[in-house]
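K.L.:
In the order they appear, the protein sequences are chains A and B.
FYI, numbering that gives the first Met the number 0 numbers position 204 of the first sequence as 203, with every residue one higher than the one before it.
FYI, numbering that gives the first Met the number 0 numbers position 113 of the second sequence as 112, with every residue one higher than the one before it.
Source of the hints: derived by calculation from the structure; they are not laboratory data.
Among these hints, one or two may not hold up.
Intra- or inter-copy, both count: the list cannot distinguish identical chains.
Below, a list of computed lysine-lysine pairs in the BS3-like style, where the Cα atoms sit at most 27 Å apart [as the list claims (entries may be wrong)]:
1. K181 with K119
2. K227 with K164
3. K126 with K181
4. K169 with K118
5. K133 with K119
Number of protein chains: 2
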Amino acid sequence: MKNYKIILSYDGGRYNGWQKQGNTENTIQEKLEGIVSALAGSPVEIYGSGRTDAGTHAYAQVANFHMEWNKTAASLMEAINERLPEDIAVRSMEEVNPRFHSRLSAKGKTYEYTIWNSKKPPVFWRKYVFWCPKPLDVEKMRQASQFFLGGHDFKSFCANKRMKKSTVRKIYEIQFTCAEEKITIAYRGNGFLYQMVRILTGTLIEVGEGKRSPQEIPSIFAALDREKAGFTAPAKGLALKEVFYGEGRENA
Amino acid sequence: MKNYKIILSYDGGRYNGWQKQGNTENTIQEKLEGIVSALAGSPVEIYGSGRTDAGTHAYAQVANFHMEWNKTAASLMEAINERLPEDIAVRSMEEVNPRFHSRLSAKGKTYEYTIWNSKKPPVFWRKYVFWCPKPLDVEKMRQASQFFLGGHDFKSFCANKRMKKSTVRKIYEIQFTCAEEKITIAYRGNGFLYQMVRILTGTLIEVGEGKRSPQEIPSIFAALDREKAGFTAPAKGLALKEVFYGEGRENA
Chain A
0 MKNYKIILSY
10 DGGRYNGWQK
20 QGNTENTIQE
30 KLEGIVSALA
40 GSPVEIYGSG
50 RTDAGTHAYA
60 QVANFHMEWN
70 KTAASLMEAI
80 NERLPEDIAV
90 RSMEEVNPRF
100 HSRLSAKGKT
110 YEYTIWNSKK
120 PPVFWRKYVF
130 WCPKPLDVEK
140 MRQASQFFLG
150 GHDFKSFCAN
160 KRMKKSTVRK
170 IYEIQFTCAE
180 EKITIAYRGN
190 GFLYQMVRIL
200 TGTLIEVGEG
210 KRSPQEIPSI
220 FAALDREKAG
230 FTAPAKGLAL
240 KEVFYGEGRE
250 NA
Chain B
0 MKNYKIILSY
10 DGGRYNGWQK
20 QGNTENTIQE
30 KLEGIVSALA
40 GSPVEIYGSG
50 RTDAGTHAYA
60 QVANFHMEWN
70 KTAASLMEAI
80 NERLPEDIAV
90 RSMEEVNPRF
100 HSRLSAKGKT
110 YEYTIWNSKK
120 PPVFWRKYVF
130 WCPKPLDVEK
140 MRQASQFFLG
150 GHDFKSFCAN
160 KRMKKSTVRK
170 IYEIQFTCAE
180 EKITIAYRGN
190 GFLYQMVRIL
200 TGTLIEVGEG
210 KRSPQEIPSI
220 FAALDREKAG
230 FTAPAKGLAL
240 KEVFYGEGRE
250 NA
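Based on the provided sequences and hints, a complete structural model is requested.
P.N.:
And the structure:
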């Protein structure tokens, strides 16, 4: 059996997230498994690098699966793309080491959150941004974001209150890009808790609106209490941008 | 009565074009007239700079209407935007000379057609581009487009076979922009016939695919026959980018 690594783009707008769980229908994983299993002639399980929330997008989700295929990886990719709906696409496919696992081998990820900061409605971007009509103080948001860097217990920024495993994560870099009406915040870290990027972003937006000061952030961490952090920014502004593997990158 | 000029953006995807005609429902004009008439308390007619086809978008459609309004233009714009669906937005509004008419005063327009030229599906752009998976020869397309410049009888590029008025139009400039997977062709001219930009683009695509040579274009013009030109590129790749008024620009 060959082990294939794929990179996927999807518009999460009409899906219940990446992962099928219990009775959850209409997930991206399920869509993909149906197609690959049909091509394989037997059930194939697809392993994603991690879940993405309902409504969240991906420029480059990574997944892998084991399958017999006599032709090239390119021909398999083409066969899958022909069968996928137009809001999901495989961008690349390669045969990898049998031990490669998209989640277990991952060293970290970059998520991107996009805010539309203008009184003018985001007509063409409405499905990919969170619209904040009032001007945000990006400098203050940047200051606040500095407190997120490094290793911390992110319990206050985790939506899963019954999380039993460690809530310690490390954020390597947070980058702000302002282009016309858009403010994009890219978070690069070794892993992210349930809705963590959306809660971090909601907290930064409240700082940008002047409802909180950047100096409040350490006390939010110290509280270890979800209630102390900001709101959960909507899923549609969020996209998984990169999953990285191998050496060298994680501390860069 | 004040005369208001508005600039509008819309995602034409779910509309039957700009203009209500006979029994055509679900047009952008109708949507807007409903809202403005309700604010005015009496029927208001909205004059657009021209029709856009069903499914075609606009970054900057221009329209005008006459209305009594005691507050600022900005407050009227806000009131309209609050009531519009999220795929239509008024970008600017100003009170203008009573004689201004968005269509009759217009000196010309720029339309933009976007082609997605990549084997990889346009996941996030799928509603705003026409997808051509095979590589296009852009240099050949550019050569062919040179024959469109200047004043011509564009009858071969007009979908209305029973057009009784003049089919002579002038194109001032055609600009190609290639950015990653996207080829954008901007056409600036004094006016465009029914589906003319889409037929010009379809013809250029056939040149790009090698099905026609650039040197064929003069004979297409000479035939005065729609059948001789290329296919009608789909509406969703087309957007009205600018309507221009006043002096100086049209020959620039």
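K.L.:
Give a verdict on every hint.
P.N.:
The hints, checked one at a time:
Within a single copy, K181 and K119 get their C-alpha atoms as close as 12 Å, and across copies as close as 26 Å, so both meet the 27 Å cut-off. For a Cα distance limit of 27 Å, the shortest separation of K227 from K164 inside one copy, 21 Å, qualifies, whereas the shortest one across copies, 69 Å, does not. Taking identical chains as interchangeable, the C-alpha atoms of K126 and K181 lie at most 27 Å apart whether they share a chain (13 Å) or sit on different chains (20 Å). Taking identical chains as interchangeable, the C-alpha atoms of K169 and K118 are never at most 27 Å apart, the minima being 35 Å within one chain and 37 Å between chains.
With identical chains, the CA atoms of K133 and K119 are at most 27 Å apart within one copy only, with a shortest distance of 10 Å there and 37 Å across copies.
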